[in-house]
Amino acid sequence: MPFIPKQVYIDAEIEERPGPISVYRTANGGTSSRELRQGLLRRWERWREVFSIDGEATDLGDRIAFLGESTALEVYLASESVWWTDRTKAYREDPGEGGVPDDDQAVHLARRFIETTFAPAVDLTDVVVGEQVASVSTSPDAEPRSQRVAVAVTLRPVVSGRPVFGPGAKVRVSFADGAEPSDVAYFSRSLEPDGEAETLHPYQALERLRRDRRFTDVIAAGMELHVRRFQLGYYSAAPNMFQRYLIPVYLAEGVVEGSELDADLFRLYLPAVDMDARSMKEVSVRANPTVLSSFTSF
Amino acid sequence: MTIGIEWVNNYHSSSSNLSNNDNNARGFYNRLQGQRMFEYGDDLAWDQDFEEKGAGTPPAGGDQLYADHVDIVFFSGHGSRSGASFGVKTFDDGVARASNMLLGNGDLEWLVIDGCEMLADDNGQVFSRWGWPTFRGVHYILGFHTVAYDVKDRGEKFADRLNQGWTVREAWMRACIESEDANVSYAYLRADQPGTDTFNDHWHGKGFVSADPRNPTVLCYLRGTC
Numbered sequence: 001m002p003f004i005p006k007q008v009y010i011d012a013e014i015e016e017r018p019g020p021i022s023v024y025r026t027a028n029g030g031t032s033s034r035e036l037r038q039g040l041l042r043r044w045e046r047w048r049e050v051f052s053i054d055g056e057a058t059d060l061g062d063r064i065a066f067l068g069e070s071t072a073l074e075v076y077l078a079s080e081s082v083w084w085t086d087r088t089k090a091y092r093e094d095p096g097e098g099g100v101p102d103d104d105q106a107v108h109l110a111r112r113f114i115e116t117t118f119a120p121a122v123d124l125t126d127v128v129v130g131e132q133v134a135s136v137s138t139s140p141d142a143e144p145r146s147q148r149v150a151v152a153v154t155l156r157p158v159v160s161g162r163p164v165f166g167p168g169a170k171v172r173v174s175f176a177d178g179a180e181p182s183d184v185a186y187f188s189r190s191l192e193p194d195g196e197a198e199t200l201h202p203y204q205a206l207e208r209l210r211r212d213r214r215f216t217d218v219i220a221a222g223m224e225l226h227v228r229r230f231q232l233g234y235y236s237a238a239p240n241m242f243q244r245y246l247i248p249v250y251l252a253e254g255v256v257e258g259s260e261l262d263a264d265l266f267r268l269y270l271p272a273v274d275m276d277a278r279s280m281k282e283v284s285v286r287a288n289p290t291v292l293s294s295f296t297s298f
Numbered sequence: 299m300t301i302g303i304e305w306v307n308n309y310h311s312s313s314s315n316l317s318n319n320d321n322n323a324r325g326f327y328n329r330l331q332g333q334r335m336f337e338y339g340d341d342l343a344w345d346q347d348f349e350e351k352g353a354g355t356p357p358a359g360g361d362q363l364y365a366d367h368v369d370i371v372f373f374s375g376h377g378s379r380s381g382a383s384f385g386v387k388t389f390d391d392g393v394a395r396a397s398n399m400l401l402g403n404g405d406l407e408w409l410v411i412d413g414c415e416m417l418a419d420d421n422g423q424v425f426s427r428w429g430w431p432t433f434r435g436v437h438y439i440l441g442f443h444t445v446a447y448d449v450k451d452r453g454e455k456f457a458d459r460l461n462q463g464w465t466v467r468e469a470w471m472r473a474c475i476e477s478e479d480a481n482v483s484y485a486y487l488r489a490d491q492p493g494t495d496t497f498n499d500h501w502h503g504k505g506f507v508s509a510d511p512r513n514p515t516v517l518c519y520l521r522g523t524c
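Sequence lines, in order, name chains A and B.
Okay, so the first sequence: first residue is 1 according to our numbering, each after it adds one.
Okay, so the second sequence: first residue is 299 according to our numbering, each after it adds one.
One chain only, chain A, in its complex shape (with noise of 0.2 Å):
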């Protein structure tokens, strides 16, 4: 009989054994600074020219920059990533001339233009279809304007049939005006099989759930944590973050009930595998490891 902590209602369909899961390096996680600088210039060439960018691009350190009137392209150091994005259509507050593509027609754009460009070696099969809409208002008393002026369609990566959850792991791509790409956020890391590691037990993650500190207050108070998704897969850190593994994680989603916010909602991630502090730090992004317990972000 599984122990389910008081005040934590599980909400959500939880995968009673996980079994061991895979464990993924990144490419780049033993190359030196010498060769991680050599192959950021390789692929800010590469890019370059795929984009068409001719200007002065400046090196920021953790990627490269160039930032034109009309077009901006950055190229990470950390992770194989890329942000292309045309300044002219992107982030507009008009539709443009040539139209926004509907939705099915925006994703079967977006996988094409991502299949042609970039020939992604993980299945990107997670998707969500989003948009861009602009209002306008021109007295209290007038009804605003709204318009739908771009769709933004975001695939995401399946590693070993699990989501690769974060920042780190999305593909983000826009149409502002026709079928031509205005912006496109290309957030990757190439992966290499490890071995594979236990995982925790859902309910043993959940136990951490209600320990953490976001909520031993409200806990204290008599609230309650009303969990509503409960998920297995990986967590890859923000594309400027360098990261040695994918952290395999449950991402917790739910909400505090009896809060005085309106919608007082949580998400964040639990490490799946049971590390020490040694093991954590290892795997880890950045100088700090944060805890062990829980994260939201690096």
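Since the hints were derived computationally from the structure, they do not count as laboratory data.
Treat the hints with care, as some may be off.
[Unchecked claim] Short derived list, chain A residues pointing at chain B, Cβ under 7 Å: (1) Ser135; (2) Pro144; (3) Val256.
Every residue gets a Cβ at the ideal spot worked out from N, C-alpha and C, and that includes glycine.
Given chain A's structure and the hints, the job is docking chain B onto it.
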């Protein structure tokens, strides 16, 4: 070129605590090129620092000394449609409310609320909730249409791009896209009037900065998926 920040991690049992707002706000404060004017965190961060003197009940506002006394102010903490939430309620009610804010009649050009749902669209109600009553010279309110999560580095990402010369609106949107998932939507409200052009605002010293829209004739709202 003056900067202020306030942040809250400790909500004293009124809502869940947060972990990263100190790092998030300080990342902004320490990276943006300009004169740092104030930082108040946890129990020293108060809603009245963002509210107009004499407005609301109790009329505790003191923004002329804090939020409306700098060019840009960055709040990191819980938010809601009602306003920005603070952990201390000793001096006011603990929520910096739109109805108590008149921004830009002092110095403020850009207010950033890095917290949930302050700029929720609600079929255009955002204009009556935050827009017309609040804009008295301020150029932008930048925040979120949806919930936003407790991240460590959005402030520094925003500051870095302001320093590089991106427009204020581009810098905010890119910082949000780079730090959030696609279930989150960024948003901003901006004001204009004849003779101003806040669409093309940059951080001071990094490009064009519009004159202040003291009597705005148009408000523009944009939200987008991160």
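> Does the CB of Val256/A sit less than 7 Å away from some CB of chain B?
Replying inline: holds, 5 Å
> Measuring from the C-beta of Pro144/A to each C-beta in chain B, is the shortest one below 7 Å?
Replying inline: holds, 4 Å
> Against chain B, is Ser135/A within 7 Å by beta-carbon distance?
Replying inline: holds, 4 Å
Violated hints for the displayed structure: none, as all numbered hints are satisfied.
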